[in-house]
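If you want my numbering, it's the 1-based position in the sequence shown plus 18.
Hints in this document: simulated from the structure, not taken from any laboratory.
Bear in mind that the values here come from a model prediction, so they are computed numbers and not experimental data.
Warning: the hint list may mix true and false statements.
Unchecked claim - Lysine-lysine pairs mimicking DSS-like chemistry, simulated, CA-CA at most 30 Å apart:
id, residue 1, residue 2
1, 289, 90
2, 162, 201
3, 190, 90
4, 90, 100
5, 289, 69
6, 162, 289
7, 190, 100
8, 162, 190
9, 100, 162
10, 162, 69
11, 69, 100
12, 69, 90
13, 69, 201
14, 190, 69
15, 289, 201
16, 162, 90
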Amino acid sequence: MSSESSPPPLSTSSNPPDPPPYTPSIFSAAAETNYGFPPGYFVIRSLATGKLLDVEQDDVEDSAEIILWPEKESSLVDGFRKLEADNQVFFIDTSGALCSRQSGHAIDIEGGRLILRHRRPMSYPYPNAFSHPLPQFWYSSSSKQILVRFQCDPSYPPLEQNSPPSATWRQKSYLLSSVPLRKPRSVFENASDVFTTAIVNPLSPLTSMFGGGPKATIQEVYNSDIDLREDEVLEEDRGAEEEADDSPELMRRVRVVAVSEGENPTEATRKRRAWEIVPLRRSRALYNR
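Please take these sequences and the hints and turn them into a complete structure.
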């Protein structure tokens, strides 16, 4: 007989080995609390307007804008809601990305606007305007604010050799805000302003002809091709007249605004940055009679 030991018997089991169990350390504390949002599906209501975040025109394409629109469906019971209202329903995924229920796509920030973003391949130098980490959305139930957190400079500046990237963007907070819309001015109101200005400053018509006129208003910026400088913050230059939100138009815009430390916003500004998150239910609520 051979003195060599025989090989171990082969396993007769055809099942693969069990994978290692999941542990709580895999998920961050932020993900466990859903970044301040309720679990599952919800709608996001602006406390300044009463309107809901809405994917414009039920679009599912890349770069479709997120706006404010009147509520399409009043029922909060998931099974009783109209499917065409799904463009007003959102959820938070495990990475902190805000996603549209209708398309499943996440929301990105482009030029201060909220847009749908299809998943894209990585391109170099990374990150860049085409390929970058999606922003995280956080909700504070105490302040009613929605905070946007970026993992890189949201302006995506080109990287210069031998020059470290700027960290100025890290010193600001980014908040979601509704944008007020004034009703169009009547011909009488415009004529009255011209007459009053001519009395107060007789040279103002000449000034407007040759430049040096007043700065464009916030509404003129949104309704024209005027570009804002990168360091201009919309909320800071808004005058009392532009605080009014009395337009009969149904749609309102939303923007992500950069807020510096020590800012003292007006009450109207605070309200524009306040949001209510309303979760959907799976069944009707039961009431005791």
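Here is what the structure says about each hint:
1. Pair hint residue 289 plus residue 90 holds up; C-alpha atoms about 23 Å apart against a cutoff of 30 Å.
2. The suggested pairing of residue 162 with residue 201 holds, with an alpha-carbon distance near 27 Å, which does not exceed 30 Å.
3. A C-alpha spacing of about 35 Å is found between residue 190 and residue 90, which places the hinted pair above 30 Å, so the restraint is violated.
4. Distance hint between residue 90 and residue 100 is fulfilled; the C-alpha atoms sit about 8 Å from each other, no more than 30 Å.
5. Distance hint between residue 289 and residue 69 is fulfilled; the C-alpha atoms sit about 13 Å from each other, no more than 30 Å.
6. Distance check on the hinted pair: residue 162 and residue 289 sit about 9 Å apart at the alpha-carbon level, within 30 Å; holds.
7. Restraint check: the Cα-Cα separation between residue 190 and residue 100 comes to about 40 Å, which exceeds 30 Å; the hinted pair is violated.
8. Proposed proximity of residue 162 and residue 190 is supported: the alpha carbons are some 18 Å apart, at most 30 Å.
9. Proposed proximity of residue 100 and residue 162 is supported: the alpha carbons are some 27 Å apart, at most 30 Å.
10. The straight-line distance between the Cα atoms of residue 162 and residue 69 is roughly 15 Å, inside the 30 Å bound, and the hint therefore holds.
11. Between residue 69 and residue 100, the direct Cα distance comes to roughly 17 Å. Compliance with the 30 Å bound is thereby established for this hinted pair.
12. Between residue 69 and residue 90 the CA atoms are separated by roughly 10 Å; this keeps the pair inside 30 Å, and the hint holds.
13. With a C-alpha separation of about 17 Å, the suggested pairing of residue 69 with residue 201 holds against the 30 Å cut-off.
14. Of the supplied pair hints, the one linking residue 190 and residue 69 holds, its CA atoms being roughly 27 Å apart against a limit of 30 Å.
15. A threshold of 30 Å between alpha carbons decides the hint, and for residue 289 with residue 201 the separation of about 20 Å falls inside it, so the pair holds.
16. Simply put, residue 162 and residue 90 have alpha-carbon atoms about 23 Å apart, close enough for the 30 Å limit, and the pair holds.
The structure does not agree with the numbered hints 3, 7 stated previously, though it agrees with the rest.
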